[in-house]
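Novice: Below, each chain spelled out in residue letters.
Number of protein chains: 2
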Amino acid sequence: MPGPEFELLSKHILKRVQLADEELNFMLSQFKLTRIKKRQFIVQPGFTAKHRNFVYSGAFRAYVVIDNGEDHTIQFAIEDWWITDYNSYYNSEPATLFVMALEDSVILQLSRENEDMLKQANHKYETFFRISAERAQAFHFRQLITNLTQPAEYRYENFLEKYPLIANRVPQYALASYLGMTTEYLSKLRNKRTAK
Amino acid sequence: MPGPEFELLSKHILKRVQLADEELNFMLSQFKLTRIKKRQFIVQPGFTAKHRNFVYSGAFRAYVVIDNGEDHTIQFAIEDWWITDYNSYYNSEPATLFVMALEDSVILQLSRENEDMLKQANHKYETFFRISAERAQAFHFRQLITNLTQPAEYRYENFLEKYPLIANRVPQYALASYLGMTTEYLSKLRNKRTAK
DNA sequence: TAAAAAAGTTGAACCAGTTTAACTTTTTTG
DNA sequence: CAAAAAAGTTAAACTGGTTCAACTTTTTTA
Chain A
1 MPGPEFELLS KHILKRVQLA DEELNFMLSQ FKLTRIKKRQ FIVQPGFTAK HRNFVYSGAF
61 RAYVVIDNGE DHTIQFAIED WWITDYNSYY NSEPATLFVM ALEDSVILQL SRENEDMLKQ
121 ANHKYETFFR ISAERAQAFH FRQLITNLTQ PAEYRYENFL EKYPLIANRV PQYALASYLG
181 MTTEYLSKLR NKRTAK
Chain B
1001 MPGPEFELLS KHILKRVQLA DEELNFMLSQ FKLTRIKKRQ FIVQPGFTAK HRNFVYSGAF
1061 RAYVVIDNGE DHTIQFAIED WWITDYNSYY NSEPATLFVM ALEDSVILQL SRENEDMLKQ
1121 ANHKYETFFR ISAERAQAFH FRQLITNLTQ PAEYRYENFL EKYPLIANRV PQYALASYLG
1181 MTTEYLSKLR NKRTAK
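Going down the list, the sequences are from chains A and B.
Just so it is clear: in the first sequence, position 100 is 100 by our numbering, and no numbers are missing.
Numbers given in our numbering equal positions in the second sequence, counted from 1, plus 1000.
Treat the hints loosely; a few may be bogus.
[What the hints assert, rightly or not] Example chain B residues on the side facing chain A (calculated, C-beta under 7 Å, incomplete):
hint: 1; residue: Asn1068
hint: 2; residue: Asp1071
hint: 3; residue: Ile1074
hint: 4; residue: Glu1126
hint: 5; residue: Thr1146
hint: 6; residue: Leu1148
[As the list claims (entries may be wrong)] From the derived model, a few chain B residues whose C-beta atoms are all more than 10 Å from chain A:
hint: 7; residue: Gln1018
hint: 8; residue: Glu1022
hint: 9; residue: Ser1029
hint: 10; residue: Lys1037
hint: 11; residue: Glu1134
hint: 12; residue: Thr1183
[As the list claims (entries may be wrong)] Where chain A lies over chain B, by a calculated footprint (3+ residues, C-beta under 8 Å):
hint: 13; segment: 1077–1083
hint: 14; segment: 1087–1094
If you are wondering where the hints come from, they were derived from the structure by calculation, not from laboratory data.
Cβ atoms here follow ideal geometry from the backbone N, Cα and C, with glycine treated the same way.
Please model the complete structure; the sequences and the hints are all you need to start from.
Specialist: Okay, structure coming up:
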């Protein structure tokens, strides 16, 4: 009945918290399956991000556009990852990020209201979101360290090693801005590598 | 009875979650007051960070030392802030950061075991830690965006505006590495500003 | 409180990464 | 599937920020 989309999400949840069947099913029932076309936006500046999005299939990119028109990738998400503008989602304020589909995708969306309801309904649901936030916090913390301490070339090597699946799937300009360098420079780094 | 240290922490907690008197007191009773001398470490690489630390007074600096001996500030904490190596604390693995007192300080320490116990004991405690993690997540996310999108000079101006209390209280070399630049360059930026 | 250590300053030489621009390859779309 | 648009490549000129080195000021400690 639930379909493979909900099975992936179930696994994801049960890896983090133990739930009885009914508890799990109730939680799942709060998610809405949505199909997103390539290039479609699920978050846009000026509008409040109403959902937390679990990627079942496809890929997304979160980015900021600054005054001069440059865009900077802040996050990627592929299968089994979450994505949204968390500042907007948590604080119910207008987003500053774009979140765009890089491929045709299928996501499971949880609204802020449903999330709040779940958190209040059952201690275990709250635990799940607490663990998610802690992991995200630790993730961003490590990312900050890498950005601050490592030169461009190492950041690229490091990304290749940690996320080979993402590295070869997203457009190069998007990856370059994620790593804090220009497309041209990343192009050179890639060439240098394959030349070796 | 509790003293001003615990009053600051009480306010901090009650701002995030509603607790009855006994609930609050039980939570507070899990914290241990510790006095830390300037230059003393509360977290060191190789040792697991056993506590989450709430700063009542004083100031701390978290930093990484990389191969060539350079150090990079990752976080500051003054009154009413938390500090630890979260990767180490959450995952019970050896720390990679140093956390050092920049001044004689007073902190309230909560151990991982006591935190886990609190989270299990009462839904509201869990809510408190969930909110803390969400806020920290959003904070690091914004920081990542600033680092990625703004040039050195703006990052300094921005920091001055947002954290004037910290900017003039921590050593310049520590601030420079936090902002991702050398001491020498920050010195020049500061001079340029006062010259205006 | 003197002397040693740590922090901050200044300027010149340098370089990792950017910019600009012209070109090639890949992807999208009518 | 042809033409247009988007993405990626290459090379030369350039620059924001670093490095190095010598010096001054502030802080620490015996």
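Novice: So, against the hints stated earlier in the document, which numbers end up violated here?
Specialist: Failing hints, ascending: 1, 2, 5, 11, 13.
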